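Colleague: Sequence:
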Amino acid sequence: MDFANATKVVRPTLGNEAPIALFRLVRLILLEDMFGVSSTAQAYLSGRHLGYSLGLKDLSQFVELCEQLKIGVIKTGENDKGQLHIDVYECVTCSGMEPVGRTLCSFEGGLIAGVAEGIFKNKVNVREVTCIGGLGHESCGFDVIQK
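Using the UniProt record's numbering, read the sequence shown as starting at 1 and increasing by one per residue.
Please keep in mind that the hints were generated in silico from the structure rather than gathered at the bench.
Honestly, I wouldn't trust all of these hints.
[As the list claims (entries may be wrong)] Just the calculated beta-carbon pair ranges, DEER-fashion:
1. Arg-11 with Arg-127: 34 to 40 Å
2. Gly-82 with Asn-16: 28 to 34 Å
3. Gln-42 with Lys-8: 34 to 40 Å
4. Leu-45 with Lys-121: 15 to 21 Å
5. Met-34 with Gly-77: 34 to 40 Å
6. Met-1 with Pro-99: 17 to 23 Å
[Unchecked claim] When the alpha-carbon atoms are kept at most 20 Å apart in a straight line, the in silico EDC-like pairs for lysine to aspartate or glutamate are as follows:
7. Lys-57 with Asp-2
8. Lys-70 with Asp-58
9. Lys-70 with Asp-80
Nothing here was measured: the structure is a model prediction, and the numbers come from that model.
All C-beta atoms in this analysis are idealised placements derived from N, C-alpha and C, irrespective of residue type, glycine included.
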């Protein structure tokens with residue numbers, strides 16, 4: 001399976017969009033029920049693999065992709081340590097949820113890691129430092145730490 005094939009949708013009656021609730025049920029409920037605490041690592045690794053395989057050349061392509069797929073509204077900048085920081089507003093995974101006391105967006109973190117590794121040609125760690133639905137912040141924020 002590849003990205004182009006997976007994103008090709010032919011649904012003449014229902015169209016190419018599905019409710020965010022369906023995505024969240026699979027991502028936040030089903031995967032956690034099946035894999036327990038390791039679902040966070042599984043989601044991160046899946047996102048990282050996908051992000052790297054996209055072969056994006058710069059962050060503007062990532063911002064555009066996130067807009068196109070409605071993952072969220074992306075803002076890039078630096079944290080107080082001079083590291084790349086990415087904020088995801090209107091996050092598809094958690095925006096609008098009541099805080100649950102932990103970060104939730106490991107898939108997005110992995111996606112950012114994979115994209116960053118492809119662009120910078122260097123391994124990175126991505127850490128979610130804020131979360132809308134997990135912790136009640138205004139964005140899901142990710143620090144990108146180059147190894």
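Colleague: With reference to the structure, classify each hint as holding or not holding.
Modeller: The hints, checked one at a time:
| no. | hint | result |
| --- | --- | --- |
| 1 | Arg-11 with Arg-127: 34 to 40 Å | holds (37 Å) |
| 2 | Gly-82 with Asn-16: 28 to 34 Å | violated (40 Å) |
| 3 | Gln-42 with Lys-8: 34 to 40 Å | violated (25 Å) |
| 4 | Leu-45 with Lys-121: 15 to 21 Å | holds (20 Å) |
| 5 | Met-34 with Gly-77: 34 to 40 Å | holds (36 Å) |
| 6 | Met-1 with Pro-99: 17 to 23 Å | violated (35 Å) |
| 7 | Lys-57 with Asp-2 | holds (18 Å) |
| 8 | Lys-70 with Asp-58 | holds (19 Å) |
| 9 | Lys-70 with Asp-80 | violated (28 Å) |
This entry does not satisfy hints 2, 3, 6 and 9, going by the numbered hints stated previously.
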